[in-house]
Amino acid sequence: MSRITDYGFLFQTTFGTSKTNLVNNIQLSKMNSSSVQKQLKAAGIDTNSKKYKAALSEMMKNGNGAMFTNVQAIKNLMSQYDKNGDWIDPNTGLTGLAVTDENRNSYKHIISIPESSREE
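Under UniProt numbering, the residues of the sequence shown are numbered 1 to 120, in order.
Think of the hints as simulated: they come from the structure by calculation, not from any bench. Only a predicted model underlies this, so the values are computations on that prediction, with no experimental measurement involved. Ideal Cβ positions, reconstructed from N, Cα and C, are used throughout, including at glycine. Mixed in with the good hints there might be a few duds.
Here are the computed lysine-lysine pairs in the DSS-like style, where the Cα-Cα straight-line distance is at most 30 Å [as the list claims (entries may be wrong)]:
{"#": "1", "residue 1": "Lys61", "residue 2": "Lys50"}
{"#": "2", "residue 1": "Lys61", "residue 2": "Lys83"}
{"#": "3", "residue 1": "Lys30", "residue 2": "Lys75"}
{"#": "4", "residue 1": "Lys83", "residue 2": "Lys38"}
{"#": "5", "residue 1": "Lys75", "residue 2": "Lys50"}
{"#": "6", "residue 1": "Lys61", "residue 2": "Lys38"}
{"#": "7", "residue 1": "Lys30", "residue 2": "Lys53"}
{"#": "8", "residue 1": "Lys53", "residue 2": "Lys75"}
{"#": "9", "residue 1": "Lys75", "residue 2": "Lys61"}
{"#": "10", "residue 1": "Lys53", "residue 2": "Lys41"}
{"#": "11", "residue 1": "Lys83", "residue 2": "Lys50"}
{"#": "12", "residue 1": "Lys75", "residue 2": "Lys38"}
{"#": "13", "residue 1": "Lys61", "residue 2": "Lys30"}
{"#": "14", "residue 1": "Lys41", "residue 2": "Lys30"}
{"#": "15", "residue 1": "Lys53", "residue 2": "Lys83"}
{"#": "16", "residue 1": "Lys41", "residue 2": "Lys75"}
{"#": "17", "residue 1": "Lys83", "residue 2": "Lys30"}
{"#": "18", "residue 1": "Lys50", "residue 2": "Lys38"}
{"#": "19", "residue 1": "Lys50", "residue 2": "Lys30"}
{"#": "20", "residue 1": "Lys41", "residue 2": "Lys83"}
{"#": "21", "residue 1": "Lys61", "residue 2": "Lys41"}
{"#": "22", "residue 1": "Lys53", "residue 2": "Lys38"}
Simulated DEER-style distance windows between Cβ atoms [unchecked claim]:
{"#": "23", "residue 1": "Thr92", "residue 2": "Ser49", "range": "21 to 27 Å"}
{"#": "24", "residue 1": "Gln37", "residue 2": "Ser116", "range": "48 to 54 Å"}
{"#": "25", "residue 1": "Gly93", "residue 2": "Ala43", "range": "21 to 27 Å"}
{"#": "26", "residue 1": "Asn62", "residue 2": "Thr92", "range": "21 to 27 Å"}
{"#": "27", "residue 1": "Ala66", "residue 2": "Ile110", "range": "39 to 45 Å"}
{"#": "28", "residue 1": "Lys38", "residue 2": "Ile88", "range": "24 to 30 Å"}
{"#": "29", "residue 1": "Thr95", "residue 2": "Ser35", "range": "31 to 37 Å"}
{"#": "30", "residue 1": "Ser29", "residue 2": "Gln80", "range": "21 to 27 Å"}
{"#": "31", "residue 1": "Thr5", "residue 2": "Asn84", "range": "24 to 30 Å"}
{"#": "32", "residue 1": "Ile111", "residue 2": "Gln27", "range": "43 to 49 Å"}
{"#": "33", "residue 1": "Pro90", "residue 2": "Gly44", "range": "22 to 28 Å"}
{"#": "34", "residue 1": "Lys30", "residue 2": "Pro114", "range": "52 to 58 Å"}
{"#": "35", "residue 1": "Gly96", "residue 2": "Asn62", "range": "19 to 25 Å"}
{"#": "36", "residue 1": "Glu115", "residue 2": "Lys61", "range": "41 to 47 Å"}
Sequences and hints are given; from them, build the entire structure.
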């Protein structure tokens, strides 16, 4: 899964130019701030959904909280997850094939087999 990261803001601050950034970068470590939450809700992102939480945990894992993102990047990453927060395989369209820490416990359960099926 390729990631595109915009480092333009670093060059702007390094060279002293204070150009307004039209992309509106959000630092991942500040995702829980009220202003960012309002911005995400205004963009139509449900911050309580499992899709959002799965996408955010993937971003945090890859960027360690130090990278920047924007609303459209979050929406794009959320489109790769289903409503349960399971990753959708782009080749097959199937979900639940990737076992993560979040869904590991749901896969570990005993299935009762009826007596009629045991004999066959």
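Quick rundown of the hints versus the structure:
1. Distance hint between lysine 61 and lysine 50 is fulfilled; the C-alpha atoms sit about 16 Å from each other, no more than 30 Å.
2. Annotation: proposed proximity of lysine 61 to lysine 83 holds, straight-line Cα distance about 20 Å (limit 30 Å).
3. Simply put, lysine 30 and lysine 75 have alpha-carbon atoms about 17 Å apart, close enough for the 30 Å limit, and the pair holds.
4. For the hint linking lysine 83 to lysine 38, the alpha-carbon distance of about 21 Å falls within 30 Å, and the restraint holds.
5. Taking the CA atoms of lysine 75 and lysine 50, the gap is about 13 Å. The hint holds against a cut of 30 Å.
6. For the hint linking lysine 61 to lysine 38, the alpha-carbon distance of about 23 Å falls within 30 Å, and the restraint holds.
7. Annotation: proposed proximity of lysine 30 to lysine 53 holds, straight-line Cα distance about 15 Å (limit 30 Å).
8. Under the criterion of a C-alpha separation no larger than 30 Å, the hint pairing lysine 53 with lysine 75 is consistent with the structure, at around 12 Å.
9. Between lysine 75 and lysine 61 the alpha-carbon distance is near 17 Å, which keeps this suggested pair within the 30 Å criterion.
10. With a CA separation close to 14 Å, the supplied pair lysine 53 and lysine 41 stays within the 30 Å bound.
11. Restraint check for lysine 83 and lysine 50: satisfied, since their Cα atoms lie roughly 6 Å apart, inside the 30 Å limit.
12. With a C-alpha separation of about 15 Å, the suggested pairing of lysine 75 with lysine 38 holds against the 30 Å cut-off.
13. At roughly 15 Å between alpha-carbon atoms, lysine 61 and lysine 30 fall within 30 Å of each other, so this suggested pair holds.
14. Straight-line distance between C-alpha atoms of lysine 41 and lysine 30 comes to about 15 Å, which keeps the hinted pair within the 30 Å bound.
15. Pair hint lysine 53 plus lysine 83 holds up; C-alpha atoms about 11 Å apart against a cutoff of 30 Å.
16. Pair hint lysine 41 plus lysine 75 holds up; C-alpha atoms about 12 Å apart against a cutoff of 30 Å.
17. Between the alpha carbons of lysine 83 and lysine 30 the distance comes to roughly 24 Å, so the proposed pair stays at or under 30 Å and holds.
18. Taken as a hint, the lysine 50 and lysine 38 pair is honoured in the structure, with Cα atoms around 18 Å apart against an allowance of 30 Å.
19. In summary, the hint linking lysine 50 to lysine 30 is supported, as the alpha carbons are separated by about 19 Å, within the 30 Å threshold.
20. A distance of roughly 17 Å separates the Cα atoms of lysine 41 and lysine 83; the hinted pair therefore holds under the 30 Å criterion.
21. This hinted pair checks out: lysine 61 and lysine 41 have alpha carbons roughly 23 Å apart, not beyond 30 Å.
22. A C-alpha spacing of about 16 Å is found between lysine 53 and lysine 38, which places the hinted pair at or below 30 Å, so the restraint holds.
23. Taking 21 to 27 Å as the suggested C-beta distance range, the pair threonine 92 and serine 49 conforms, at roughly 23 Å.
24. Between glutamine 37 and serine 116 the beta carbons are some 53 Å apart, a value that agrees with the proposed interval 48 to 54 Å.
25. The hinted window of 21 to 27 Å between glycine 93 and alanine 43 holds, with their beta carbons roughly 26 Å apart.
26. Distance hint check: the CB atoms of asparagine 62 and threonine 92 are about 23 Å apart, consistent with the given range 21 to 27 Å.
27. Under the hint 39 to 45 Å, the C-beta atoms of alanine 66 and isoleucine 110, about 42 Å apart, fit the expected range.
28. Hint check: lysine 38 to isoleucine 88, Cβ distance near 28 Å, so the stated range 24 to 30 Å holds.
29. A C-beta distance of roughly 33 Å is found between threonine 95 and serine 35, which places it inside the suggested range of 31 to 37 Å.
30. Restraint check, serine 29 to glutamine 80: a C-beta distance of roughly 22 Å satisfies the suggested window 21 to 27 Å.
31. Checked against the hint of 24 to 30 Å, the C-beta distance between threonine 5 and asparagine 84 comes to roughly 28 Å, which is consistent with it.
32. For isoleucine 111 and glutamine 27, the hinted distance range of 43 to 49 Å is satisfied, since their beta carbons lie about 44 Å from each other.
33. Remark: the range hint 22 to 28 Å for proline 90 to glycine 44 is upheld by a beta-carbon distance near 23 Å.
34. Evaluation of the 52 to 58 Å hint for lysine 30 and proline 114 yields a pass: the beta carbon distance comes to about 53 Å.
35. The supplied range of 19 to 25 Å is met by glycine 96 and asparagine 62, whose beta-carbon atoms lie about 21 Å from each other.
36. Taking the beta carbon of each, glutamate 115 and lysine 61 are about 45 Å apart, inside 41 to 47 Å as hinted.
In summary, this structure violates none of the numbered hints.
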